[in-house]
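If you read the protein sequences in the order shown, they are chains A and B.
Numbering follows the numbering used here, with no gaps: position 168 of the first sequence is 168.
Just add 1000 to the spot in the second sequence (first one is 1) and you have the numbering used here.
Derived from the structure by calculation, the hints contain no laboratory data.
Hints are supplied without guarantee of correctness; some may be wrong.
[Unchecked claim] With a straight-line cut-off of 25 Å between C-alpha atoms, the simulated DSS-like cross-links for lysine-lysine are: (1) B:1185 with A:172; (2) A:172 with B:1071; (3) B:1022 with A:157; (4) B:1022 with B:1032; (5) A:34 with B:1234; (6) A:72 with A:172; (7) B:1015 with A:123; (8) B:1071 with B:1022; (9) A:75 with B:1015; (10) A:72 with A:34; (11) A:72 with B:1071; (12) A:123 with B:1032; (13) A:75 with B:1031; (14) A:21 with B:1071; (15) B:1071 with A:63; (16) A:172 with B:1022; (17) B:1015 with A:172; (18) A:157 with B:1015; (19) A:75 with A:172; (20) B:1050 with A:34; (21) A:34 with B:1015; (22) B:1234 with A:172; (23) B:1031 with B:1015; (24) A:123 with A:63; (25) B:1015 with A:72.
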Amino acid sequence: MKIFSRNKSDNMSVLSDMREKQRQYEALVSAYHKDLYRYAYWLIQDQHIAEDVVQETFLRAWKSLDSLVDAKAAKSWLITILRRENARRFERKQFDMSEFDEPNILDKSANVESDTEQYWLNKQINRLPLEYREPLVLQVVAGFSGEEIANLLELNKNTVMTRLFRARNMLKEALDNNSTLERSANG
Amino acid sequence: MDDLEFRRTVFADPKHLDDEIKQAAQADIGKKRFIDDMQNLENNIEQCMKVDVPEDLASRIILRQSLEEHKREQKSKMTWYMATAASVAFAIGIGFSQLSTSPEFTNINQLAMQHVYDDAMYHASLDLDVPLNEVNAKLAGYGAEFTDSIGHIYSANYCQMQAIRALHLVVDGQQGQVNIFVMPKADLKLDWQHIADGKMQSKASRLEVVDVIYVAPKQENIQQVQSHIENKLKWRT
């Protein structure tokens, strides 16, 4: 009888461990899925693939949830998993040349109406080379500091700051050129 | 700080400017205008980057994880440890897949009731005290949510109901546990009439967005349970 009751309480503690894990996982999903999706969207430039990669990322996160010790590091931990998942996608499709195609995200994106300023800006951000676009997204969408971005991308901080500068510089130049064009078109 | 350095620093992070930058801007109207311009652009970039996130992405992620866990479960020997991870889904899945192949079920309530009988041993000792937000996360996939507490919830797990995936909730009634199955609108060639036997009764509600089946002890006022639950059930738009 004693043995039986001990077994039962063991079972109960396993149950509560698993429930705790599930609870922790669901909290993680609800806190970070938006940032992760947006990061993937700007990284990959296709909303369907972005969604798949986010799904894969969280699935992998579930499997290795025990390795996440510091809750504060959860977001960068997830971003690291996502980058790895995305790299894996490229390994699988290394002969697929579609990555060199013009981003097709613009036509599919429902929330960006054409001919608006936002649409135009969206296009310019998509045109930024990945090495400038990615740190910009990490800073603007995920709110990481230069130092955190440097850690995530395995670059030194100065390089990151230079890329952030160039990214905005390119957008600013495009904006200035665009308004010059508009002025001359109107005039 | 020279002009180039100033610009580089502002460009690198326009929303977090240090004191040196701010002082330089105060002393120079041109620099101040530059900062304003950049912060303006930054607001536009922020807005642009906040693309719409697909609706229900969070609940689809959670659903996928529970399905994967379920699949993994089938491969390995079932233990208590795993059983919780895949939740009751596995046990129920097996129960229903056996039932759904047997042709004698013509009433969906009968099917649900049989499932509750088969599952009784398992649920007798299971009390996970599931919080409402967890239930709502699972309900989101069905386009529904509870607006308010429905009382104590012993368990909330996905299960297979013929070809349909149902969310199986076990809650408190007046006379004992009540089993609730929430499922997508089904086009099953089955009866939906209220049935009862010596111990239990089962009743179905065909609602706007989902079908709901209640299996309760025979003495339970099942209509009262139905309205208690359905008053708090709302559709996500």
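Okay, the hints, checked on the actual structure:
no. : hint               : verdict
1   : B:1185 with A:172  : violated (52 Å)
2   : A:172 with B:1071  : violated (51 Å)
3   : B:1022 with A:157  : holds (22 Å)
4   : B:1022 with B:1032 : holds (8 Å)
5   : A:34 with B:1234   : holds (24 Å)
6   : A:72 with A:172    : violated (34 Å)
7   : B:1015 with A:123  : holds (23 Å)
8   : B:1071 with B:1022 : violated (58 Å)
9   : A:75 with B:1015   : holds (21 Å)
10  : A:72 with A:34     : holds (17 Å)
11  : A:72 with B:1071   : violated (31 Å)
12  : A:123 with B:1032  : violated (28 Å)
13  : A:75 with B:1031   : violated (35 Å)
14  : A:21 with B:1071   : holds (18 Å)
15  : B:1071 with A:63   : holds (14 Å)
16  : A:172 with B:1022  : holds (21 Å)
17  : B:1015 with A:172  : holds (16 Å)
18  : A:157 with B:1015  : holds (18 Å)
19  : A:75 with A:172    : violated (29 Å)
20  : B:1050 with A:34   : holds (9 Å)
21  : A:34 with B:1015   : holds (21 Å)
22  : B:1234 with A:172  : violated (47 Å)
23  : B:1031 with B:1015 : holds (15 Å)
24  : A:123 with A:63    : violated (37 Å)
25  : B:1015 with A:72   : holds (22 Å)
Of the numbered hints stated above, those contradicted by the structure are hints 1, 2, 6, 8, 11, 12, 13, 19, 22, 24, listed in ascending order.
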